[in-house]
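Those sequence lines, one after another, are chains V and R.
Using the working numbering, you'd call the opening residue of the first sequence number -19 and step up by one each time.
Using the working numbering, you'd call the opening residue of the second sequence number 3 and step up by one each time.
I should point out that these hints are in silico values taken from the structure, not numbers from a laboratory.
Mixed in with the good hints there might be a few duds.
Listed next, with one range per pair, are the computed distances between beta-carbon atoms [said to hold, decoys possible]:
1) Gln213/R to Asp202/V: 45 to 55 Å
2) Ser128/V to Ser375/R: 39 to 49 Å
3) Asp199/V to Ser375/R: 27 to 37 Å
4) Leu213/V to Asp400/R: 15 to 25 Å
For each residue, glycine too, the CB sits at the ideal point set by N, CA and C.
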Amino acid sequence: MNRRTFLTTTAVGLVALASGVAQARSISGAVPWEAFAGEPPTPVTPGGWHFFQPREVVLMEAIVDRLIPADDLSPSGRDCGCVVYVDRQLAGSFGEAARLYMKGPFLPGLPTQGYQNSLTPAGRYRAGLAAFDKAVSDTFGGRFETLSPGKQDQALSELETGKLKLSGKVDGKGFFALVLENTMEGFFADPVHGGNRDMASWKMIGFPGARYDYRDWVDQHDKPYPRGPVSILGNIVQAKAG
Amino acid sequence: MKTLLSLALATSALASPATAADLQSFQVEKGHYQAILGDCAACHSKAGGKLYSGGEPLETPFGTLVPPNITPDRETGIGAWTKADFRNTMKNGVGKDGKHLYPAMPYPSYHLMPDEDVDDLWAYLQTVEPVHHAVEANQLPFPFNQRIVMRGWNWLNFEPEPFQPDEKQSAEWNRGAYLVQGPGHCGTCHTPKSALGADESDAALQGATLQGWYAPNITGQKRIGIGDWSKNQIVAYLKTGSNGHAIAAGPMVEAIQDSTSQMKDDDLQAIATYLLSVKADDEDGGGEQPKPLASDDSQMKAGAEIYRTSCAACHGMDGKGAEHLFPALAGSAAVQQDDVSTLIHVILAGAKGPYTKDRPTAPAMPSFAFHLSDEQVADVATYIRNDWGNAAPAVSADAVGDARGAD
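Looking at chain V on its own, in the form it has when it is part of the complex (with noise of 0.2 Å):
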């Protein structure tokens, strides 16, 4: 029986104990249990655009390159594949708020309780980008990717603390936030969703990934872990020399 199978099965045992017939299946002897059985991680599809359009990805490949520069710790957030990770997020469940309550009333609520409009992620970005990008240009005399890296952090500043003024309903607090939120995830989330690519994060911060076997460093106190991170896809980067 194969993970999916048993998913199904537990989903049909719920709703039958729910209208109150228990159907429980006993096992008895050995534990069921099939050849080949697995539930690969799916990679994301490789190269092209799945949400973004052109003009958004020229943005956001200059917004991810100011939250991470390239520098002698890691290559840029675009380097690193970030803006892929955001673009598979917001064209899957994320960006439609699957797993969020979305119907009316929308009312205006403290920040405890979270986002509270009616627009999915995906929307955000879309109005959000929009939004920025006239912003810019008439703030700024200029498209945000061509400014200077100071004036690109100067945009982005005013942004974050909502001094720059975003046109329509936009909140432009809000989208920085969440910009920068997504952005860290496809910076350090496992390369399996397309950012961090060669595992560059985890590389910079000395995390090992998924590996699950550290019984020969219990006893080998104060030296640092040498064995470069392993995805869950199973590749291995070799830590680099020394």
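Once you have looked at the hints, place chain R on chain V.
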């Protein structure tokens, strides 16, 4: 005197009805044990199906054969058979109405069974639940589907005769030899087959490949056999599926669950005694001990890293595993065989150990088919064959690709 006699008569009169039934149930009981020794269920039953109502298709070198229904159902089983038909099947491979059976039914081993045991088995088979389930046994392609071919085969390969004890050996040894060669039909899997599908008797028990698994050499040869196992380790393996270091996988799991784990301890001791004696003086165990690959070999380096991330949590960095839970790969015969079928199969498909009364955990090894490439499987297999004192030739990615294609 008279009183005594009548007393004796009275007692026997009282006792006799019970004795007849007792005798019969005793015979059924003994017959049941013969069915365990012969592991009839392994082939004639299938998972989820009724006992003896027909098995999973068997791949033979000639094509597919399906073990038929042997419940006492009159139409689809052997309910209309006579005891003589049954004996003829077990001893000569000739079924009812003179039908010549294919030797996938292990009559070339069963013929060593004495008539008494065959009759007990017959008595037992009469008592199992009759199941109406028609099975078309013969699914072989022409010309092998011509049963008449079997007449020629039998003439070439097979001389029905009862087991001949070796007077020079102990009773225990003889019992072991009988069980292994006769009802236990261990050679069906462990003895290489000739082009005609018959056991190669010179190479008895020296290892053979079957359906993606390698049934290793189980002679007393030291390096390639089980000559370095103690008698108790062999008994523990056959009784519980694990001897602490090795845990059975693949087809041996079923042989243990359905058959050897239910054998009497004396019989297991006898089997161990016999196995350890076969080719025990063959010092070098066939050929030279290969040298391990150097640890800076590129496959070894890549394999070591894969091992550390994917295998070490269970099998340990030292390859010693964990007693009764994860088999030791260090020193494992399955790992170092020239034939890498089992090795590749286990890594790709995963495996589940035997479930026995003594060791109910039945630990499982996960499948790595989806997350290791052919090269990676080859590398890690090569690595475990050449660390911790193991030594065996490298495994190629092509061999893995072929195995993957076949599954």
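Taking the hints in turn, this is what the structure says about them:
1. Gln213/R to Asp202/V: 45 to 55 Å: holds, 53 Å
2. Ser128/V to Ser375/R: 39 to 49 Å: Holds - the Cβ-Cβ distance for Ser128/V and Ser375/R, about 46 Å, lies within 39 to 49 Å.
3. Asp199/V to Ser375/R: 27 to 37 Å: This hint holds: roughly 34 Å between Cβ atoms.
4. Leu213/V to Asp400/R: 15 to 25 Å: Since Leu213/V and Asp400/R have Cβ atoms about 23 Å apart, the given range 15 to 25 Å holds.
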